[in-house]
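Take the sequences, apply the hints, and build the full model.
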Amino acid sequence: MAFGNKVPLAWRNLTESKPRLFASVAGAAFAVTLMFMENGFRNALLDSMVNVIERLDGEMVLVSPTLYTLSVPFSFPLQRLIQAEGLPEVESASPVYVTTRTGYWRRPDTGALVRVCVIGYPPEDDALDIPELRENRDAWSRPNVVMADRESREDQFGKFETGVVSELSGRTMEIAGTFALGINVQSNGNLVMSDRNMMKVFPELGGPSLIDRKVTVGVLRVRPGTDLDQLRVALREALPADVRVLTKDEFIAKEREFWDKVAPVGTVFLIGVVMGFIVGAMICHQVLHADISDRLAEFATLKAMGYSNAQLFRVVLMQAFYLSLMGYAAGLLVSVLLFDWVHHVTSLPMDLSRNNPLAILALTVVMCLGSGALAARSLISVDPAELFA
Amino acid sequence: MSSATLTSSMTRAVNRPAGEDIVIRALGVNYAYGTGETRTQVLFDNSLEISRGEVVIMTGPSGSGKSTLLTLIGALRTMQQGYLEVLGHNLSRAGEWERARLRKQIGFIFQQHNLFSSLSAIENVRMAAALAPGAVKKMNQRCEAILDRLGLADRTHHLPAELSGGQKQRVAIARALVNRPRMILADEPTASLDAESSQTVLDLLHELAEGPDKTTVLLVTHDQRVLDRADRIVKLVGGRIVTNTLTKVAVRICRALAATEALKGLGEATLSRLANVMTVEPRAAGETLTRQGEEGDRFYIVGTGVADAYKDGRFDEEKCYGEGFGMISSYFNRPIPSTVVARTDMELYVLTKDDFLNALADDHSFEARVRNLLANLHPVDLENH
Chain V
22 MAFGNKVPLA WRNLTESKPR LFASVAGAAF AVTLMFMENG FRNALLDSMV NVIERLDGEM
82 VLVSPTLYTL SVPFSFPLQR LIQAEGLPEV ESASPVYVTT RTGYWRRPDT GALVRVCVIG
142 YPPEDDALDI PELRENRDAW SRPNVVMADR ESREDQFGKF ETGVVSELSG RTMEIAGTFA
202 LGINVQSNGN LVMSDRNMMK VFPELGGPSL IDRKVTVGVL RVRPGTDLDQ LRVALREALP
262 ADVRVLTKDE FIAKEREFWD KVAPVGTVFL IGVVMGFIVG AMICHQVLHA DISDRLAEFA
322 TLKAMGYSNA QLFRVVLMQA FYLSLMGYAA GLLVSVLLFD WVHHVTSLPM DLSRNNPLAI
382 LALTVVMCLG SGALAARSLI SVDPAELFA
Chain H
1416 MSSATLTSSM TRAVNRPAGE DIVIRALGVN YAYGTGETRT QVLFDNSLEI SRGEVVIMTG
1476 PSGSGKSTLL TLIGALRTMQ QGYLEVLGHN LSRAGEWERA RLRKQIGFIF QQHNLFSSLS
1536 AIENVRMAAA LAPGAVKKMN QRCEAILDRL GLADRTHHLP AELSGGQKQR VAIARALVNR
1596 PRMILADEPT ASLDAESSQT VLDLLHELAE GPDKTTVLLV THDQRVLDRA DRIVKLVGGR
1656 IVTNTLTKVA VRICRALAAT EALKGLGEAT LSRLANVMTV EPRAAGETLT RQGEEGDRFY
1716 IVGTGVADAY KDGRFDEEKC YGEGFGMISS YFNRPIPSTV VARTDMELYV LTKDDFLNAL
1776 ADDHSFEARV RNLLANLHPV DLENH
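Protein chains in written order, with the working numbering: chain V, 22 to 410; chain H, 1416 to 1800.
Source of the hints: derived by calculation from the structure; they are not laboratory data. Predicted model only: the values in this text are computed from it and were never measured. Even for Gly, the Cβ is constructed at its ideal location relative to N, Cα and C. Since no wrong hints were added, every one of them can be taken at face value.
As a list, the in silico DSS-like pairs of lysine-lysine whose alpha-carbon atoms are at most 25 Å apart:
(1) 1768(H) to 1679(H)
(2) 27(V) to 1552(H)
(3) 1663(H) to 1650(H)
(4) 27(V) to 1553(H)
(5) 27(V) to 39(V)
(6) 282(V) to 269(V)
(7) 27(V) to 1519(H)
(8) 1650(H) to 1629(H)
(9) 1553(H) to 1519(H)
Computed footprint of chain V on chain H, listed as stretches where at least three residues anywhere in the stretch have a Cβ under 8 Å from a Cβ of chain V:
(10) 1485-1493
(11) 1530-1542
Here is the structure:
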């Protein structure tokens, strides 16, 4: 038997007082927004930290065994990449040089030096899968030019535009073009240059000979049909222990795991999500408990009439469920606006669609149902006999 | 404990149920709140039998235990001690599930209407209607019909906030009655109603009690209009039932006692006291009930059946329902005036000498009058009276 045989008691109780409904939904929406934002920041952070790795145009990579994050680059000799290219399964190998600590861009309008992440590789290798870099390969192959990430923070570097001339770590450079990559919490801006320019600006990356150049990431493109596990085994056997072999997916997972759990910036935001959940649960509990308290005599009357505790529980849980859906809808709307605003302000990759909206919905429903179940406990102790007192 | 044991224990005429279909059987019911040093007993050894279709008024001062007894009968509390059977459910050992099942057969009317402010009048009634299996369309028809019967046809879709106090209470009554419950338990149901609404509600309750469903109605009330229409009045004082009177039997006995020559002059209060202590005795057809000239120690009133009275061996008169015979010779100083033989199986209401004397103890005027008569008249004259 449907409770109340189509009398929508839960809905009516929830929506009876419009100001109260607004406050209830606002409370739930606040929690939903908090969870979305915290989770959004977490995902934005993790996504931003693997931004460069995701764009590496290869299936496998070689990195230094001591590299624990790309933001603190450790290197290995270029010779290992040449050795790896010797394997028949490897179609090509490209060196990528990264500096995160030693590159400083002089802001043209203020003259201030601002630290910038610089990535270098042979332009003809297309090591990064970014259309503008591929299309403008000739332009940035020239000496003393760089390609600039237009999503870099303008307030830090000024506007990155083609033709702008300034200094990179003491050397005059011209911006040959721009591309879109995105920043992260370690870097407010990115520049890409050819390996030749890179060696001029950062001679410490060079060595006594070409094969001694200090590569940060070696990008391997493998022939179609190659078994990556077998290739990894073969590479490990062929190369000495001063280099580590990873698939691109493993490299991404490793980088994410570092920022998520070791750093542990991701965990901090995850705690934020949990806090949002707890705050939301408390708000929902208060809302539902207050509503039940106001209607205790009515519920006691239902109990006297023969309604079971389970049936009364169902009313409160339905009320909690409706509250969760309304709170989620309102929270989602607010979050869409906030995501857009945060992306605009920080340039962080705030993408709601990558933010597990269904997981947040499930969390919201669980949050409301859980707090509803807690609030409904008072119904068990309702004594209909007191109505005759 | 068996039902038969319980029934046989109810020998006072006015205590007995009006019919054979017993819906409430209570024996030795005790109840206490709290435990240990805070334990307070509020019901003491109460016994009661009520049959289907009775309208029972429970009265008594505040704190007398009437609400507690009502909540026990309504399966709203767990029994502690004694035996209680309601609508065939043994509540002495019923769990919460069985008590909830029983409550679905009971209509509750509380002093407060306790309507959901978020639901319209008809939706509040439908909350109760939904407990009875059936099609939604019929359920709605039932709800509309009961609201219409209570004069709320034009208020069915109004929220409680849009109704007057009396209208709210009538919606609550409609909610209690919509499933045609086998029993109605009501706490001051007419307290917040005007005279016309009260009359409507009382008419409806009596209709239910007298109609084909023969609904049993238990009301806690002090409303005189309700008292006048009760089948039984149960009064509790200090946690004990001090009066449990089936009114029509009490009235019948009082009338028979008042018509008895020897008891003429008894006040209404004394007659009521006598009626309340009379017991019931079954007698078989052909049995000689009294013998003329013998010493008697009882008065009899015919409850059911017919008897023949003989004087000096000759048929004198027929003794039917409500008529009395017998004599308490030691008090009136005269023998039994006639021989009475049961023509059919009979049920007699019996007043023993001890009960008679106890009941008379407070009626000094009657006793003085009898003594005066005894002192001044010859025994033959007294016999003629």
